[in-house]
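Undergrad: Sequence:
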Amino acid sequence: MGRLFGTDGVRGTANSGALTPEMAVMLGRASAYVLASKRGIQRPRVVIGKDTRISG
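Going by this note's numbering, 30 is the number at position 30 of the sequence shown; the sequence numbering is gapless.
Note that these hints are calculated values from the structure, not bench results. Glycine is no exception: its CB is placed at the ideal position from the N, C-alpha and C atoms. Don't take every hint at face value.
As the list claims (entries may be wrong) - Cβ-Cβ distance ranges computed for the label pairs, FRET-style:
1) Gly40 <-> Ala14: 31 to 39 Å
2) Arg39 <-> Gly17: 30 to 38 Å
3) Thr13 <-> Val47: 29 to 37 Å
4) Ile41 <-> Gly17: 26 to 34 Å
5) Gly40 <-> Gly12: 27 to 35 Å
6) Gly49 <-> Ala18: 15 to 23 Å
7) Ser16 <-> Val47: 19 to 27 Å
8) Arg43 <-> Ser16: 30 to 38 Å
9) Gly40 <-> Gly17: 33 to 41 Å
10) Arg45 <-> Gly12: 17 to 25 Å
Just need the whole structure built from these sequences, with the hints factored in.
TA: Below, the structure is given as structure tokens:
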């Protein structure tokens, strides 16, 4: 799983290996929890984006 995380965020090919929709949801929830606990936000939001380029 260490290969998913880099200096520019989470990288990988969607729906292959560890980068599944379920993993994206778990990562989003965990990120929101950490950000909320550090900043005192009650309803944090996380955005999951997609690279629409042919190479992405």
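Undergrad: Does each hint hold? Answer for all of them.
TA: Structure-based check of all given hints:
A C-beta distance of roughly 33 Å is found between Gly40 and Ala14, which places it inside the suggested range of 31 to 39 Å. As the Cβ distance of Arg39 to Gly17 is approximately 32 Å, the hint placing it in 30 to 38 Å holds. Separation of Thr13 from Val47 is about 20 Å and departs from the stated range, judged on CB atoms against 29 to 37 Å. Distance hint check: the CB atoms of Ile41 and Gly17 are about 31 Å apart, consistent with the given range 26 to 34 Å.
Distance hint check: the CB atoms of Gly40 and Gly12 are about 32 Å apart, consistent with the given range 27 to 35 Å. Distance hint check: the CB atoms of Gly49 and Ala18 are about 18 Å apart, consistent with the given range 15 to 23 Å. Between Ser16 and Val47 the beta carbon distance is about 22 Å. The supplied range of 19 to 27 Å therefore holds. For the hinted restraint 30 to 38 Å between Arg43 and Ser16, the CB-CB distance of approximately 32 Å keeps it satisfied.
A C-beta distance of roughly 35 Å is found between Gly40 and Gly17, which places it inside the suggested range of 33 to 41 Å. At about 22 Å, the CB distance of Arg45 to Gly12 agrees with the hint of 17 to 25 Å.
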